[in-house]
Structure formats: structure tokens, C-alpha cells
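Chemist: Let's have the full structure, built from the sequences with the hints guiding it.
Sequential numbering from 5 applies to the sequence shown in this note's numbering.
Because the hints were derived from the structure by calculation, they are not lab data.
List of simulated lysine-lysine pairs, PhoX-like, C-alpha gap at most 20 Å:
1. K631 <-> K696
2. K259 <-> K164
3. K696 <-> K674
4. K325 <-> K100
5. K617 <-> K537
6. K559 <-> K570
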Amino acid sequence: MADSTTKKLERLRDKIRRHERLYYIEDNPEISDPEFDALMRELVELEKNNPGLVTSDSPSQRVGGAVASELAPVTHNPNAPMLSLDNTYNVEELEKFHKRVVKILGEETFEYTVEQKIDGLGVSLVYEDGIFVQGATRGDGTRGEDVTSNLKTIRSVPLKAPKIAGLERFEVRGEVYLSRKAFEAINARREEEGQPLFANPRNCAAGSLRLLDSSITARRPLNMLAYALIVTSADGRPMSHPKASSQHEAMELLKSLGFNVPYIQLCHSLDDVKKVIADFETQKENLPYEIDGIVIKVNSHRRQRLLGFTSKFPRWAVAYKYSAKQATTVVRDIVAQVGRTGAITPVAILEPVEISGSTVSRATLHNEDEIKRKDIRIGDTVFIEKAGEIIPRVVKVVTTKRSGKERVFLMPRNCPVCGAGIARPAKETVTYTNKGKIRAVKNKDGSPEEEKVARCQNAACPAQARGRLIHFASRNAMDIDHVGPSLVDQLLDKELIHDAADLFTLSINDLIRLEKIKEKSAENIVNAIEESKNRGLERLLFALGIRYVGEKTAKFLAEKYKSIDKIIKEPESELKEVHEIGPRVAESVASFFAQKENIALVEKLKDAGVSTKATMRAAQFRPFAGKVFVLTGTMASMKRKEAESEIEFYGGRTTLSVTTKTDYLVAGAKPGSKLSKAKKYKIKILNEKEFKELLSQK
Numbered sequence: 005m006a007d008s009t010t011k012k013l014e015r016l017r018d019k020i021r022r023h024e025r026l027y028y029i030e031d032n033p034e035i036s037d038p039e040f041d042a043l044m045r046e047l048v049e050l051e052k053n054n055p056g057l058v059t060s061d062s063p064s065q066r067v068g069g070a071v072a073s074e075l076a077p078v079t080h081n082p083n084a085p086m087l088s089l090d091n092t093y094n095v096e097e098l099e100k101f102h103k104r105v106v107k108i109l110g111e112e113t114f115e116y117t118v119e120q121k122i123d124g125l126g127v128s129l130v131y132e133d134g135i136f137v138q139g140a141t142r143g144d145g146t147r148g149e150d151v152t153s154n155l156k157t158i159r160s161v162p163l164k165a166p167k168i169a170g171l172e173r174f175e176v177r178g179e180v181y182l183s184r185k186a187f188e189a190i191n192a193r194r195e196e197e198g199q200p201l202f203a204n205p206r207n208c209a210a211g212s213l214r215l216l217d218s219s220i221t222a223r224r225p226l227n228m229l230a231y232a233l234i235v236t237s238a239d240g241r242p243m244s245h246p247k248a249s250s251q252h253e254a255m256e257l258l259k260s261l262g263f264n265v266p267y268i269q270l271c272h273s274l275d276d277v278k279k280v281i282a283d284f285e286t287q288k289e290n291l292p293y294e295i296d297g298i299v300i301k302v303n304s305h306r307r308q309r310l311l312g313f314t315s316k317f318p319r320w321a322v323a324y325k326y327s328a329k330q331a332t333t334v335v336r337d338i339v340a341q342v343g344r345t346g347a348i349t350p351v352a353i354l355e356p357v358e359i360s361g362s363t364v365s366r367a368t369l370h371n372e373d374e375i376k377r378k379d380i381r382i383g384d385t386v387f388i389e390k391a392g393e394i395i396p397r398v399v400k401v402v403t404t405k406r407s408g409k410e411r412v413f414l415m416p417r418n419c420p421v422c423g424a425g426i427a428r429p430a431k432e433t434v435t436y437t438n439k440g441k442i443r444a445v446k447n448k449d450g451s452p453e454e455e456k457v458a459r460c461q462n463a464a465c466p467a468q469a470r471g472r473l474i475h476f477a478s479r480n481a482m483d484i485d486h487v488g489p490s491l492v493d494q495l496l497d498k499e500l501i502h503d504a505a506d507l508f509t510l511s512i513n514d515l516i517r518l519e520k521i522k523e524k525s526a527e528n529i530v531n532a533i534e535e536s537k538n539r540g541l542e543r544l545l546f547a548l549g550i551r552y553v554g555e556k557t558a559k560f561l562a563e564k565y566k567s568i569d570k571i572i573k574e575p576e577s578e579l580k581e582v583h584e585i586g587p588r589v590a591e592s593v594a595s596f597f598a599q600k601e602n603i604a605l606v607e608k609l610k611d612a613g614v615s616t617k618a619t620m621r622a623a624q625f626r627p628f629a630g631k632v633f634v635l636t637g638t639m640a641s642m643k644r645k646e647a648e649s650e651i652e653f654y655g656g657r658t659t660l661s662v663t664t665k666t667d668y669l670v671a672g673a674k675p676g677s678k679l680s681k682a683k684k685y686k687i688k689i690l691n692e693k694e695f696k697e698l699l700s701q702k
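Modeler: This is how it looks when you write it as C-alpha cells:
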């Protein structure tokens with residue numbers, strides 16, 4: 005009986021590993037998400053009933069486990085430390101690197117590889133007999149931190165690799181990163197929850213990987229790209245392998261072992277290298293992830309050994325760094341803004357400066373701790389950056405330009421809008437792991453750890469009310485055209501509205517009393533408000549601004565409960581039992597609907613004719629069902645997220661890479677390499693006009 009269970013478990017694990025690889029590595033899934041989830045549930049249940057048969061490489065081990073008290077130090081292989089790369093910033097410096105290589109090798113004809121330099125966190129993964137046994141951050145190159153449990157949660161990290169002769173023990177080095185899309189989704193959710201935003205994808209990825217609670221890491225869509233394979237002997241010495249005598253071969257071997265690798269181009273001359281660098285400079289903004297340059301390596305491992313290392317860098321590789329979108333300017337002032345959840349966010353008012361073709365006059369400073377950490381003062385000269393960020397940020401202070409007249413910014417003790425007290429409350433007092441365990445979030449002295457964000461304690465604060473109204477009407481919520489911040493400000497100023505339900509009582513006569521609103525504009529606004537009544541429950545739930553309820557959670561709640569009345573009546577204990585929701589969201593939803601003013605708002609919305617039931621789309625209105633789209637380039641008439649929403653509305657889905665399973669490639673201006681790949685696979689290519697025509701036919 006035990007043997008048959010063991011075999012059943014191994015077959016099930018192999019099946020899940022195969023589908024993980026198809027989905028996360030090859031972007032070519034064969035089964036739906038619910039079918040994959042069913043396989044995982046079957047595995048978890050079988051292992052739960054047979055705990056002695058659970059293995060460290062089982063796909064079930066990705067979900068995160070017990071909370072660690074600290075990240076243990078790890079010493080990297082002393083025979084192969086994780087050295088950084090020397091940097092070049094222009095063609096002249098690259099040519100100097102090439103001349104040094106030619107001089108040491110005594111030959112001019114050899115190959116280079118050119119790879120993307122992913123802007124992430126460097127990691128090392130050690131495998132023994134094909135099993136992932138230890139993962140660590142790069143740290144200072146000789147010592148890092150043990151993040152094995154967190155790396156196991158990343159789906160693109162194989163927990164078990166195919167056995168290949170001569171690969172009994174090997175080390176894989178790579179970069180853990182977040183895609184632009186995932187980063188924007190995380191920050192959007194944090195904004196909804198009133199939490200401080202991550203400055204950039206790299207910071208978010210690094211912070212996520214170094215969390216003590218791996219179950220939280222498991223909920224962040226981290227990814228990894230492998231860039232190096234080091235085969236080692238039993239005593240840790242690097243060895244050659246017949247299938248990896250060069251960097252290009254090593255990358256191919258990594259792919260066969262189940263790893264994602266970055267784009268790599270084999271170049272036969274320095275001119276070829278320069279061409280790839282120039283091509284990527286124009287395409288890098290269209291990549292699904294951020295890169296901060298290109299890595300050039302001598303391809304042959306034999307030549308790499310001849311070139312050797314300096315005390316800091318390998319002599320056989322160099323990074324080419326693209327110029328950052330940075331500028332220097334002066335901080336004129338720092339003001340505190342109040343968001344819809346009461347979060348007080350300091351914002352730098354800047355001397356206007358041009359970056360990437362746009363004028364920047366404001367930059368977020370995130371929170372009080374960030375200001376102290378960077379020592380930003382009013383009057384400082386600062387570097388600001390706009391490198392794929394949602395909004396510009398202050399990188400650092402130019403302290404050499406200080407005159408002594410700069411002023412330290414002090415966070416206000418009272419809300420700058422309503423005058424109520426502000427506080428930095430204790431963080432969520434509990435953290436839920438996948439096993440339901442709870443731990444308190446405390447400082448070393450045992451006191452509750454504070455949030456980084458100070459909050460206005462007055463729920464009736466006008467700034468919070470304004471923020472809630474703007475959020476309610478926003479594109480991803482009720483999507484009410486023409487109702488933006490300026491109109492909301494006028495409506496509040498004239499006391500025509502007090503909450504979201506009041507929007508639906510507005511008349512043309514009300515609106516033409518406002519500045520710059522003519523009768524035709526007023527008519528358009530009223531029609532847009534009327535049209536929004538039938539957006540459905542998922543949009544309404546998101547629009548209400550319930551903490552921790554983002555678009556995805558709102559959609560799930562709508563599909564499960566079908567009406568807002570059922571959600572209101574559902575006890576918190578029942579909500580907590582729903583796996584896809586989780587205890588934190590359940591507590592927040594129950595708390596929101598326990599407040600009389602929120603129930604009153606829902607009743608006002610009902611009385612105004614707003615639909616509070618799920619909108620079920622009939623099959624005939626999902627003509628893209630089963631169709632896979634890939635987007636590349638920039639469209640003039642809509643943003644990428646809008647295009648993705650349209651595709652999803654009609655039943656299709658979007659993926660990041662072109663495969664044989666792709667049905668359509670939508671190509672905007674300046675398309676990337678996906679276009680040539682689509683032509684190779686003879687995939688239907690739509691330009692922007694054709695894509696819009698396709699949508700209009702539905």
C-alpha cells in the first residue's frame with residue numbers, strides 16, 4: 005500500500021512539475037488554472053494524509069512555511085565568489101575593455117555573448133543530485149543570507165532538476181525580479197490598502213525575497229532568470245562539463261534543466277556587440293521587466309580561465325550601463341498630502357526639470373522614515389529619477405552643494421486638511437501563514453512595531469472623502485467618464501455631493517452651475533454616471549475602497565457570492581474559511597460592512613439604481629474565449645492595461661511571450677523582437693487599427 009501511494013505521489017508531482025514548466029518557463033500552458041489548482045489540492049491532501057512521504061522537492065513546498073526569526077548567514081563557495089562586474093558607460097570604454105582582453109589572450113578572433121542585465125537581486129542556488137538544497141542572496145560576494153524557503157516559493161525555480169551525468173553538484177546564479185506588470189499590480193493594491201508604495205521593481209523584489217515569513221513571499225509573483233552555471237566537485241572546486249564548455253552552451257544546458265534564462269546573443273566581433281547594445285537601447289522600455297544594461301562575456305570558458313579575475317571583477321566580462329533617466333534639481337518645499345485611507349504622504353515640490361521629454365515638478369518621498377534615511381531637506385539639491393517608476397522619486401541628496409540654509413522637514417502632528425490627530429498605528433497585529441499560524445509583529449523590545457505611514461484619525465476628513473470619490477469614479481472602479489479630480493473638487497466645494505451615492509442624483513442643472521461646464525458637457529457627465537450603474541458587483545466592490553480588496557479579490561467575491569447582500573450577511577468566520585480570500589481580507593470585509601455608515605451608503609446606491617449583483621456574461625459575448633494574445637510596442641489610442649482589459653472582457657487572455665500557442669500578436673509602434681518571432685511562427689499579426697476593428701466587431 006505504501007509503495008503504491010509513493011508511486012502515486014511521484015507521478016502527481018511529476019505531472020505538476022511538467023505543467024509548472026509549461027506555464028512559468030515556456031509560457032505554453034496545456035491546462036486551465038482551475039485544473040492546475042485541482043492537481044495541487046490533490047497533492048496537498050495526499051501528503052497531508054501521508055506526512056512521512058513529503059519530500060523537500062515537492063511542488064507543495066512552494067507555498068511557504070514557518071516564520072523565521074532571522075535570515076541565517078551563508079558563506080559562498082570560496083573557489084567561486086559572487087563578484088560584481090566592472091561597468092562601462094560608452095563605446096570608448098567598451099573598446100578599452102576589448103583591447104585588454106585581446107592583449108591578454110594574444111588573439112583577436114573570438115566570440116562574445118551579450119545578455120540582458122536584469123535589474124533584480126542576485127542569488128545563488130545549490131543543487132545536489134538534482135535537488136535544490138540551498139539558496140542565498142549575493143550579499144557582499146563572499147557572504148549572503150539564506151533565503152532557501154523564499155526561493156522555493158518562486159514557480160520558475162525548479163525544486164528538482166533532471167539528472168545529467170557529471171552534474172551531481174552544481175550552482176546556478178541568477179536574478180530575482182518582478183515584472184513591470186506585477187510591480188504595478190502590487191503597488192496599486194498597496195495604494196488601495198493605504199500602505200507605502202515600493203519605489204521600484206528591484207526594491208520590491210529584494211524586500212519580498214528577504215521577508216522572514218515565506219508565506220508572504222509566496223503571494224508576491226517573483227520570477228528568476230538564471231545567468232550562470234557552475235559545476236562543482238565534492239570539495240567545491242569548479243569543474244568543466246562537456247555540455248557546457250562556453251557561456252552559450254551553459255545557458256542552453258540551464259534551459260534543459262528547467263531554468264528561465266535571459267535573452268542571449270552570440271557575437272563574433274565587437275561590432276556585433278555594439279549593434280546588439282544599440283538595438284536594446286531602443287527596445288528596453290518594451291520589455292516585460294526592467295534592465296539596467298547589457299552584460300558582455302567572453303564566450304569560451306577556456307578563455308575565461310586564461311583571463312582570470314582582478315580582486316573585484318572578472319576580466320572576461322563587463323557591464324554596459326545605459327544612461328539613467330536622472331536629473332538634478334532643488335527641493336523648494338515638502339508638503340504633506342492626505343490620501344483616501346488617511347495616509348499622510350510627504351511630497352517634494354521641485355524646481356521644474358525635464359526628464360525623458362516631460363517636465364517634473366513633484367516627487368514622492370513615501371514616508372517620514374524615507375526622508376530621514378536619505379536626509380532630504382528643504383533647499384537641498386537632489387538627484388531625481390524616472391526609470392520605469394509610476395512617479396518620479398528622489399534618489400539621493402547632493403550634500404556637497406549644501407549651503408547651511410537647508411531646513412529639516414518635520415511631519416505634522418495634526419492632519420494638514422482637517423486638523424485631527426495623526427498617528428502611526430501598530431502594524432497588523434497578526435500575520436497569517438499558510439498553516440493558519442499567527443505571530444505578533446513586534447520590535448526587539450517587545451513593543452508593537454509601527455507602520456511606516458502616519459494616518460489621519462478622522463474618517464470624515466474632507467481629503468479622505470475626496471480620495472474615496474475619485475477612486476469610486478476611476479477607470480478600474482466604476483469607470484465614470486468625465487468625473488475626475490477637478491470635477492469632484494467643484495462638486496464638493498458647492499456641496500452638491502457628500503458621498504459616492506450622491507453622484508447618481510446629479511442633474512444637468514446642478515452641473516451647469518459649475519465653472520467651465522456647459523449644457524452639452526453636463527449632459528455627457530449625467531449620461532456617463534447613468535451608464536456606470538450597470539458595471540456590476542465586482543466593479544462596485546472595488547470602488548467602495550474596502551481595505552485589502554483589490555480588483556482580483558473583488559472579482560472573486562462577486563463570482564462567489566453573486567450579490568452584495570450575501571456578502572454583507574456572510575459571517576466573518578465563514579469568510580475566513582474561503583481559501584482565495586484569506587483571514588486578513590475576511591476581517592476587513594466584515595469590518596467594513598459592520599459600520600452603519602457603509603451599509604447606509606450601499607442602500608443609497610441601491611435606491612439610486614446602481615446594480616449590486618454580479619454581471620454574468622453569456623457565452624456568446626465572450627468571442628475571444630480560449631484565444632491567446634501578446635502585446636508589443638506602444639498604441640496611440642489606448643494604454644496596454646486598457647487593451648488587456650478589453651481582451652479579458654471578451655474572454656481572451658494575454659501572455660508575455662510569443663509561442664506556437666499564441667493566436668494574435670497586437671503590434672503597436674516600435675515593436676520588439678516578438679514581431680519577428682510571430683512571423684516565424686506564422687501567427688496572426690494585428691496593427692493598432694486592425695485590433696480596434698476586431699474589438700468593434702464584437
